[in-house]
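Trainee: Given chain A, work out where chain B should sit, using these hints.
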Amino acid sequence: MANTVHIDVVSAEASIFSGEAEFVVAPASAGEVGIFPHHAPMVTTIKPGALRIKLPDTAEETLIFISGGILEVQPGLITVLADTAVRGHDLDEAKAIAAKEAAIEAMQNRTSDMDYAKAQAELSEALAQIQAIERLRKTTH
Amino acid sequence: MAGSKEIRTKIKSVENTRKITKAMEMVAASKMRKAQDRMRASRPYADKIRNVAAHLSFAQAEYKHPFLVKRDVVKNVGLIVVSSDKGLCGGLNTNMLRLSVNQMKTWESEGKSISVSAIGNKGFSFMSRVGANVKSHITGLGDVPHMENLIGTIKVMLDAYEAGEIDQLYICYTKFINTMKQEPTMQQLLPLSGEQLGSPTGHWDYIYEPEAKPVVDNLMMRYIESLIYNAVAENMASEQSSRMVAMKSASDNAKEVIGDLKLIYNKARQAAITKEISEIVGGAAAVA
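Those protein sequences? They're chains A and B, same order as listed. The first sequence lines up with residues -16 to 124 when you count with our numbering. The second sequence lines up with residues 16 to 303 when you count with our numbering.
So here's chain A without its partners, still in its complex pose (with noise of 0.2 Å):
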C-alpha cells in the first residue's frame, strides 16, 4: 500500500473531489504549497489557479481549477473548502455596496417606523384564510 493522504475537495454548492492522493500541490496566498502525507496541520487560504492532485498508482495527475477558499491540512487528511464564486476584497465589497443602494433605494418611499399592528394583523389574516380553507376542504369530506 502506497502511502497516500485523503483529500476532499468541497464546495458550498457541491462535492468537488474526494479520494486517496500521494502528492497535492495548491496555489496557497503565500505561493504554491506542496504537501506530502503526515504534514503538520495547518491552515492557509489559496487564490484562484490549480490544485494539482497526484493518485496513487498512475503518473498522471488529477487538475482542479478553484476559484480560491481555505485549505486545511491535518496529518491524515486534507480538506479543500472551495469558493464557488471568484471573491476578492473589492468584489466583495462592492457587492455589499450593491446591496445596501438597492435597500435605500427600496427603502426611500416608506412611510414610517415599524409597525408592528399592522404585520401582525396582516399575517394573523392571510393564515385565518388558510385556516379557513383547510376547514372547508375537510367538512366537504
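A hint or two may mislead.
With a straight-line Cα cutoff of 20 Å, these simulated SDA-like cross-link-like pairs (lysine to any residue) come out [to be verified]:
hint : chain 1 : residue 1 : chain 2 : residue 2
1    : B       : K270      : A       : K30
2    : A       : K30       : B       : D232
3    : A       : K30       : B       : M39
4    : B       : K37       : B       : M201
5    : B       : K85       : B       : P206
6    : B       : K263      : A       : K83
7    : A       : K30       : B       : I222
8    : A       : K83       : B       : K190
9    : B       : K190      : B       : D158
10   : A       : K101      : B       : I129
11   : B       : K190      : B       : G106
12   : A       : K101      : B       : S128
13   : B       : K27       : B       : M39
14   : B       : K63       : A       : G59
15   : A       : K30       : B       : M236
16   : B       : K270      : A       : F0
17   : B       : K63       : A       : F0
18   : B       : K27       : B       : A38
19   : B       : K49       : A       : S(-2)
20   : A       : K101      : B       : G106
21   : B       : K196      : A       : I113
22   : B       : K190      : B       : G146
23   : B       : K263      : B       : V89
24   : B       : K63       : A       : H22
25   : B       : K263      : A       : R120
26   : A       : K83       : B       : M236
27   : B       : K85       : B       : K127
28   : B       : K190      : B       : D100
29   : B       : K63       : A       : R120
30   : B       : K196      : B       : S45
31   : A       : K101      : B       : K196
32   : B       : K101      : B       : A44
33   : B       : K63       : A       : T67
34   : A       : K37       : A       : N(-14)
35   : B       : K49       : B       : V159
36   : B       : K27       : B       : A269
37   : B       : K290      : B       : G18
Anything over 10 Å on all C-beta distances counts as not near chain A; from chain B, calculated [unchecked claim]:
hint : residue
38   : K37
39   : M39
40   : E125
Keep in mind that the hints were calculated from the coordinates and are not lab data. By construction, the Cβ of each residue, glycine as well, lies at the ideal position given by its N, Cα and C atoms.
Mentor: What follows is chain B alone, placed relative to chain A:
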C-alpha cells in the same frame, strides 16, 4: 333547461384551473427533488468548515475573531429573513414571517433596535411594507441558490456586526423536515456560540499561512456564509414541497367541485327530459 349552459361554462373553467394547478404540482414535485439534492450537496462543505471553525475557536489563543466574542450589552439586533420569491406555496412565508414579527416585537419591547436583511421577494416586500428597517435585500434568486448572489447581502450584515452597529445576528427561515412538514426556524448566527461549533476531537494548533488573522477572518466569514447558504437551500426545498402540497390540495378541490357541478348539471338535464316526456304523455292522453 335553464342554467345548464352556465353550469357547463363553469365546469369548463374549473377544469382549466385544475389543469394549471395539476401542472404546477408536477413542476414543484420535480423541482423539489432537485432542491433536496442541492440541500444535501451543500452538507459536506458545511460539515467540513464547521470542523475547522471548531478547531480554530479552541486552538487559537492569540487572536480571537470578533464573531466569537459575546457582547455584554445587546442593543441592536440584526435579522436575516429567508423567504420565497413566488407565492402559491401555502402558509410557508406567512408562518415564517409570523415567527419573525413575534420575535421582533419581543426585541422591540426589550428596547433593542432591529435591522433586517431580506432574502427573497416575499419577505422583502412584507418587511418594507410594514416599515421595518431593511438594510439589504436580494430577490429573484431563481431555483438555484448561488453563493455569488448572496455574498453582498450577507456582507452588509457582517460588516454591521463588525462595526458594532448590530450586536447579534439571527436568521429566520423554513427548515425542511420532510415533504409534508416544514418548520419556521429562528437561529442565532452571531456571535457564534461554543455549542454550535461543538468541541474539537484533539488539541493542536495549526500552522497559519501567511498569518493567523487573515486566515481566521476568511474562514469565519465563509462559515457564516455557508450557514446562510444552507438556510437558503433548505428554504428552497421547503418552498417547492410546500407548493407541491398546496397545489395538490387545490387540484383535489377542483376535482370535487367539478364532480358536484356535474351532478347538478345532470340533475337539471334529467329534470328537463322528465318534464318533456310527461308533457308529451299528457298531450297524447288529452288527444286520445
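Trainee: Each hint should be assessed against the structure and marked as holding or not.
Mentor: For each hint, the structure was consulted:
1. B:K270 <-> A:K30: Given that 20 Å is the threshold and the Cα spacing comes to 58 Å, the pair is violated.
2. A:K30 <-> B:D232: 15 Å, holds
3. A:K30 <-> B:M39: Given pair K30 (chain A), M39 (chain B) is violated - Cα atoms ~43 Å apart, limit 20 Å.
4. B:K37 <-> B:M201: 33 Å, violated
5. B:K85 <-> B:P206: Measuring from Cα to Cα gives roughly 6 Å; hence the hint holds.
6. B:K263 <-> A:K83: Since the Cα atoms of K263 (chain B) and K83 (chain A) sit roughly 39 Å apart, the hinted pair is violated (cutoff 20 Å).
7. A:K30 <-> B:I222: 18 Å, holds
8. A:K83 <-> B:K190: 27 Å, violated
9. B:K190 <-> B:D158: Within the cut-off at roughly 17 Å; holds.
10. A:K101 <-> B:I129: 17 Å, holds
11. B:K190 <-> B:G106: 13 Å, holds
12. A:K101 <-> B:S128: 18 Å, holds
13. B:K27 <-> B:M39: 19 Å, holds
14. B:K63 <-> A:G59: Roughly 15 Å between the alpha carbons, so the hint for K63 (chain B) and G59 (chain A) holds.
15. A:K30 <-> B:M236: Given that 20 Å is the threshold and the Cα spacing comes to 16 Å, the pair holds.
16. B:K270 <-> A:F0: Since the Cα atoms of K270 (chain B) and F0 (chain A) sit roughly 49 Å apart, the hinted pair is violated (cutoff 20 Å).
17. B:K63 <-> A:F0: Holds, at roughly 14 Å.
18. B:K27 <-> B:A38: With a Cα-Cα distance of about 17 Å, the restraint between K27 (chain B) and A38 (chain B) holds, given a limit of 20 Å.
19. B:K49 <-> A:S(-2): 15 Å, holds
20. A:K101 <-> B:G106: 18 Å, holds
21. B:K196 <-> A:I113: Distance ~16 Å between K196 (chain B) and I113 (chain A) Cα, so the pair holds.
22. B:K190 <-> B:G146: Given that 20 Å is the threshold and the Cα spacing comes to 26 Å, the pair is violated.
23. B:K263 <-> B:V89: 45 Å, violated
24. B:K63 <-> A:H22: Measuring from Cα to Cα gives roughly 18 Å; hence the hint holds.
25. B:K263 <-> A:R120: Measuring from Cα to Cα gives roughly 12 Å; hence the hint holds.
26. A:K83 <-> B:M236: Roughly 18 Å between the alpha carbons, so the hint for K83 (chain A) and M236 (chain B) holds.
27. B:K85 <-> B:K127: 16 Å, holds
28. B:K190 <-> B:D100: It holds: about 16 Å lies between the C-alpha atoms, which stays within 20 Å.
29. B:K63 <-> A:R120: Outside the cut-off at roughly 46 Å; violated.
30. B:K196 <-> B:S45: OK: K196 (chain B) and S45 (chain B) at ~17 Å, within 20 Å.
31. A:K101 <-> B:K196: The hint is violated at about 28 Å.
32. B:K101 <-> B:A44: With Cα atoms ~16 Å apart, K101 (chain B) and A44 (chain B) stay inside 20 Å; holds.
33. B:K63 <-> A:T67: The given pair, whose Cα atoms are some 15 Å apart, holds under the 20 Å limit.
34. A:K37 <-> A:N(-14): Since the Cα atoms of K37 (chain A) and N(-14) (chain A) sit roughly 12 Å apart, the hinted pair holds (cutoff 20 Å).
35. B:K49 <-> B:V159: OK: K49 (chain B) and V159 (chain B) at ~9 Å, within 20 Å.
36. B:K27 <-> B:A269: 11 Å, holds
37. B:K290 <-> B:G18: 16 Å, holds
38. K37: Since the minimum Cβ distance to chain A is about 17 Å, K37 (chain B) lies beyond 10 Å and the statement holds.
39. M39: The assertion about M39 (chain B) holds, with a minimum of 16 Å to chain A.
40. E125: The claim holds: E125 (chain B) sits with its nearest Cβ about 14 Å from chain A, beyond 10 Å.
When the structure is compared with the earlier hints, violations turn up for hints 1, 3, 4, 6, 8, 16, 22, 23, 29 and 31 and for no others.
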